[in-house]
Amino acid sequence: MAVIFGKGNLLGMATALELKALVKQFPTARVVDGISLDIPKGCFYSLLGPSGCGKTTILRMIAGFSEPDEGDIILNGRRLNGLRPYERPVTTVFQSYALFPHLTAYENVAFGLRRRGETNFDKKVRDSLAMVGLAEKAERFPANLSGGEKQRTALARALVLEPELLLLDEPLSALDPALRKRVRLELKQIQQRIGITFVFISHDQEEALSLSDRIAVMNKGKIEQIGTPREIYLQPATRFVAGFLGAVNWIGPVGVRPEWTRIGRTAPGDVDSVAATVETAVFLGDSVHVHAKTADGSVITAQVHDSAVDYEHGEQVRLWWDKSDELRVSQ
Amino acid sequence: MRPLTWFAVGIYAFLHVPLLILCAFSFNSSRFTIWEEFSLEWYRQMFTDAQLGEAALNSLLIAAASTVLATVIGTLCSYGLWKKQAKWLSGSLYLSLVTPEIISGISLLAFFQWAFRHWQFQLGMHTVILAHVAFSISYVVLVVMARLRTAEPALEEAALDLGANEWQAFWLVTLPMLRPGIMAAALLAFTVSFDDYVITSLVAGVDSETLPMVLYAMARRGANPVVSAISALIFVGFGALILISERLQKT
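Chains as they are written, first to last, in the numbering used here: chain H, 57 to 387; chain P, 69 to 319.
Be a bit skeptical, because a hint or two may be false.
To be verified - Here are some chain H residues pointing at chain P (derived, C-beta under 7 Å): (1) 141; (2) 148; (3) 168.
Said to hold, decoys possible - With a cut-off of at most 25 Å between alpha-carbon atoms, the simulated DMTMM-like pairs for lysine to aspartate or glutamate come out as follows: (4) P/151 with H/123; (5) P/151 with H/125; (6) P/155 with P/234; (7) H/193 with P/220; (8) P/152 with H/123; (9) P/152 with H/143; (10) H/193 with H/218.
As the list claims (entries may be wrong) - A short list of chain H residues far from chain P (calculated; beta carbon distances all over 12 Å): (11) 128; (12) 135; (13) 193; (14) 233; (15) 260.
Simulated from the structure, these hints should not be mistaken for laboratory data.
Every residue, glycine too, gets a C-beta built ideally from N, C-alpha and C.
Work out the full structure, taking the sequences as your base and the hints as a guide.
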């Protein structure tokens with residue numbers, strides 16, 4: 057099914073989670089400052105922002121570990137405020153995984169089913185472990201699982217309860233970079249297969265961009281922008297969003313990403329270009345980053361995709377770009 | 069051998085040679101510290117001495133009762149302190165660890181006299197057990213807290229998240245995770261209770277003489293190889309207990 061993302065809701069999809077004017081005041085700061093969100097059913101939704109932006113506090117309020125000072129949390133039409141964590145149809149994959157060290161992978165996954173008083177859960181547990189590729193490691197204790205296996209056990213443990221909403225608190229941050237990319241792909245595939253609404257917390261823009269159907273970019277307890285990954289990357293609403301999602305060259309109020317910035321010893325005759333002096337050219341294998349200083353002292357980076365290109369320090373160059381690639385931000 | 073090795077050997081000798089000498093002389097047929105010949109006479113006397121047997125039984129009863137009480141109370145106490153992050157309260161608990169025993173003993177005696185003033189007050193097993201519970205709790209808290217400090221705070225939240233209520237989260241997740249620490253704490257509580265002399269002698273009654281009290285009295289009357297025999301036996305017993313607990317903690 058082709059899903060078209062618009063400015064509003066996902067087309068034809070009902071709202072799963074609704075946050076209404078959520079506020080959380082800590083002694084020193086208002087960490088969540090009037091957050092309102094609509095998260096569509098079956099959506100992979102990311103809250104993206106730097107540490108301290110309030111995203112973890114929102115997650116904890118949805119899970120029930122913390123109560124909002126103001127505002128409502130509504131899941132599929134039911135108000136969750138005041139319910140204990142075990143009364144909410146929500147499960148969490150913790151950043152540290154929080155696997156019970158004295159229980160095997162199997163018993164970790166069975167824990168929630170046992171609490172519900174289910175007795176015929178063996179098939180559910182085995183299926184759940186098989187889904188994350190851990191059928192063979194069911195009898196291992198967490199201490200004998202690798203980082204990636206722990207992460208997948210935590211995922212199986214949360215998903216086996218078929219929650220209405222799955223919360224993921226930076227679940228990939230403890231993995232090494234190579235593994236992280238692979239697990240990222242698996243996570244996306246699992247979410248698409250089972251169709252449960254995922255709310256994913258991250259400070260890693262690449263992670264959020266590659267996984268999400270929609271992203272809410274947060275800063276200082278407020279939402280800066282909500283949109284699809286393409287929208288927030290290509291049309292950032294604010295300077296903060298533009299800068300948080302990727303590198304930007306600021307030429308006055310206009311922003312241009314390095315990958316859209318062209319560089320040459322001469323510019324094509326029909327375009328406006330900026331004169332600059334090369335500071336350094338950094339070779340990155342698949343591309344070259346050329347940092348050049350303009351007459352007003354600002355440094356502009358151009359990403360050159362032809363790795364053979366090289367520039368000397370002090371060389372005079374011209375920089376230009378398409379008007380349509382300029383980022384127009386509000387502040 | 070290198071100087072550091074000599075240093076280590078010296079320290080170990082200083083720590084253990086006196087105990088080895090004690091053990092050796094408990095098998096000596098002479099009363100005095102001059103070796104004559106191998107004998108089990110002092111062990112025979114030890115096992116037939118009624119006063120010693122009663123004192124040993126008292127000591128074991130007191131240690132068992134105070135260990136159970138202090139371990140339960142101390143574990144719950146450290147759990148509460150950990151949950152509430154009460155730094156001042158947990159700091160003040162350690163105060164009783166650095167209070168000189170004689171002061172603890174006198175204050176406990178005064179407390180019992182005051183608290184029981186309206187009843188027929190008598191010192192006995194109960195006062196000894198209460199006193200031992202009082203000083204053992206801080207040892208238990210010390211050990212259990214050390215374990216809690218390295219625990220992952222998200223574990224209980226994970227349990228709640230998966231449908232356990234607060235009680236189940238504690239019982240099914242936190243307590244099993246703490247088990248090695250609790251066992252180590254219980255062992256420590258048992259040890260400090262079993263060998264306490266100063267506080268015990270102040271709050272004990274006529275019917276509640278403990279092994280250390282009897283040993284002390286015997287030792288004061290002059291060199292007595294029976295004392296050596298008992299000491300050797302206690303030393304071996306506790307050594308075995310510690311080895312077992314180490315083995316248990318590894319599994």
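Hints, one by one, checked against the model:
{"no.": "1", "hint": "141", "in the structure": "holds, 4 Å"}
{"no.": "2", "hint": "148", "in the structure": "holds, 5 Å"}
{"no.": "3", "hint": "168", "in the structure": "holds, 4 Å"}
{"no.": "4", "hint": "P/151 with H/123", "in the structure": "holds, 18 Å"}
{"no.": "5", "hint": "P/151 with H/125", "in the structure": "holds, 22 Å"}
{"no.": "6", "hint": "P/155 with P/234", "in the structure": "holds, 23 Å"}
{"no.": "7", "hint": "H/193 with P/220", "in the structure": "holds, 23 Å"}
{"no.": "8", "hint": "P/152 with H/123", "in the structure": "holds, 17 Å"}
{"no.": "9", "hint": "P/152 with H/143", "in the structure": "holds, 23 Å"}
{"no.": "10", "hint": "H/193 with H/218", "in the structure": "holds, 22 Å"}
{"no.": "11", "hint": "128", "in the structure": "holds, 21 Å"}
{"no.": "12", "hint": "135", "in the structure": "holds, 19 Å"}
{"no.": "13", "hint": "193", "in the structure": "holds, 19 Å"}
{"no.": "14", "hint": "233", "in the structure": "holds, 24 Å"}
{"no.": "15", "hint": "260", "in the structure": "holds, 20 Å"}
In this structure, every one of the numbered hints holds.
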